[in-house]
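Kindly produce the complete structure, drawing on both the sequences and the hints.
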Amino acid sequence: MLLHPLKPRGSQPGVSEPYFAEMISAGFPSPAAGYESSELNLHEYCVRHPSATYFLKVSGNSMQDARIHDGDILVVDRAATPRHGSIVVASIDNEFTVKQLQLRPVPCLMPLNPAYPPILCDPDALQIWGVVTYTVMSHGACLS
Amino acid sequence: MFELIDVNAMYCSCEEAFRPDLNGRPVVVLSNNDSSLVAVNRAAKALGFRRGVPYFRCRSQLEYHGVAVFSSNYTLYSFFSARFAAVVESLAPRTFTYSIDELFVDASHIERTMSLEAFGHQLRAQVQQHTTLTCGIGLTETKTLAKLCNYAAKKWSSTGGVVALTDKNRLQKLMNLAPVREVWGVDSRTEKTLATLGISTALELSRMDTRLARRMFGVTLERTIRELRGETCFALEDGTPAKQQIMVSRSFGERITALSDMQQAVTGYATRAAEKARQEKRWAKAVSVFIRSSPLDTQGASYNGQATEILPVPSQDSRDIIEAARRALLRSWREGIRYAKAGIMLADLQGKETQFDLFNEQMARAGSEKLMQTLDRINQTGHSHRLCSLIFGLAYYAVNFSVLC
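First to last, the protein sequences are chains X and W. Quick note, the numbering used here runs 44 ahead of the 1-based positions in the first sequence. Quick note, the numbering used here runs 763 ahead of the 1-based positions in the second sequence.
Heads up, some of the hints might be wrong.
Derived coverage of chain X by chain W (criterion: at least 3 residues anywhere in the stretch with Cβ under 8 Å from a Cβ of chain W; other residues may be distant) [as the list claims (entries may be wrong)]:
1) 111-117
2) 134-140
To give an idea of the interface, some chain W residues facing chain X are shown, with a C-beta separation under 8 Å as derived from the structure [stated by the list, open to error]:
3) Asn786
4) Ala849
5) Ala1064
Calculated directly from the structure, the hints in this document are not laboratory data. By construction, the Cβ of each residue, glycine as well, lies at the ideal position given by its N, Cα and C atoms.
As structure tokens, this is what we get:
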């Protein structure tokens, strides 16, 4: 799974959209629509540490069971602490990769796709670049 | 108490941030038009590459050693610069952005809560974590001494990148080791003249007679000497201006929330920056604007915006700089933020000879030089601030007008 940094540019003016607080059930939308509790600014929602957050674009499908697909954009937070089970961006063999971090029973980077083997790694050599906090995925492809 | 924090090999480190394959490899960055080396990382320096060397002269050597070569990308560098400054500001309330990769911090009250050294290490770790950039930190009594401590932090790796010195004897030891050219504000010409007086280290300079220094070199060197002796002469925002970029930035007395107020402030900074560029006979190609909220504000969202405009032709014309700054401001502006600070940076500076590009259709404005000379002359003799700002305002409308025509 390859990662490409998105060309940084000045954050675009954030657009606040009306935010419906009720969960939308996947299926028939509730006729009693949710009420507007506040305005949702997507940037603020996804970015907890502005100075430590980067957007990376994914290519490859080794994380499809974590619902990370080819072409998706990852929100990566370098200030978040990686834990057992976190989805992380790590550098292995001079390349960025996104995998699930597993610390037990032995430290390894786990692809969430049965077609790929887990990567056992030396805990001292393992470099975690950041923790994936959100994935931005387009559903546009479903329509075509 | 002052602190100087700067990023090691800033341009190279930015290029390496998203490239794990460059880890430990030599990296160099070329100036505009790929003419010479502007940045060299540690590994490239160890191979003998130096800043300022023309590219054509070392090209085959670079290829031979497998050095990663990049054209300069000022959009990327100001992106990281803004983040670097935001991280430092979140830990230290009073800072002054000195250049794209250097910040002075007022560290006066730090020692009430923690040791200077611990503060330095905390800052360094946080910058590394948030931005991937590694920095060097010098902490001590005055800005000139902080610059020397910073030099020590970079030169000797056993310091762990942080040098905090308040002890007089240890400071003297450091000054004895530091050549005089490493002292802030001493250029190569001053260095040569000082050499004829038998002054080659910072310690010898600090023992020079201040009256003699003032007569021979002017008041700035006298202040430098006083600063080396531990006497504060430069406040947080004073001192010799940086060479590689031109910065103008200020914290606002009151928070700004309206775009029109911010435009006014940024136009003022752009005017000042263009003036500085003309004084230093430099032409800028990259104009960056940054705006941010205060990390100390509890109400409202925090925001740290920046944008860079690349000019088609290097310029020192107030109209070009103002126009680019306003475009960059509009791109980085976000409604509903209580802005505490804004600034402008001119980068990718060059001398006159590179101003005209044969293949560039857009030539510099006709008559620009004369108009700007007149503007500067009026401003120098200008009796009131209002007159100056009226002229700046007119310069801005002239820009709008030429766009409409």
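Hint-by-hint comparison with the structure:
Restraint check on the stretch 111-117 of chain X versus chain W: 0 residues with Cβ-Cβ distances below 8 Å, three needed, restraint violated. Counting residues of the stretch 134-140 of chain X whose C-beta sits closer than 8 Å to any C-beta of chain W gives 4, which meets the bar of three, so the coverage hint holds. A hinted interface residue such as Asn786/W counts as satisfied when its beta carbon comes closer than 8 Å to some beta carbon of chain X; here the least separation is about 7 Å, so the hint holds. For the restraint placing Ala849/W at the interface with chain X, the shortest Cβ-Cβ distance is roughly 4 Å, inside the 8 Å limit, so the hint holds.
Given the 8 Å rule on beta carbons, the hint for Ala1064/W holds: about 6 Å separates it from the nearest Cβ of chain X.
The earlier numbered hint that this structure contradicts is number 1, and it is the only one.
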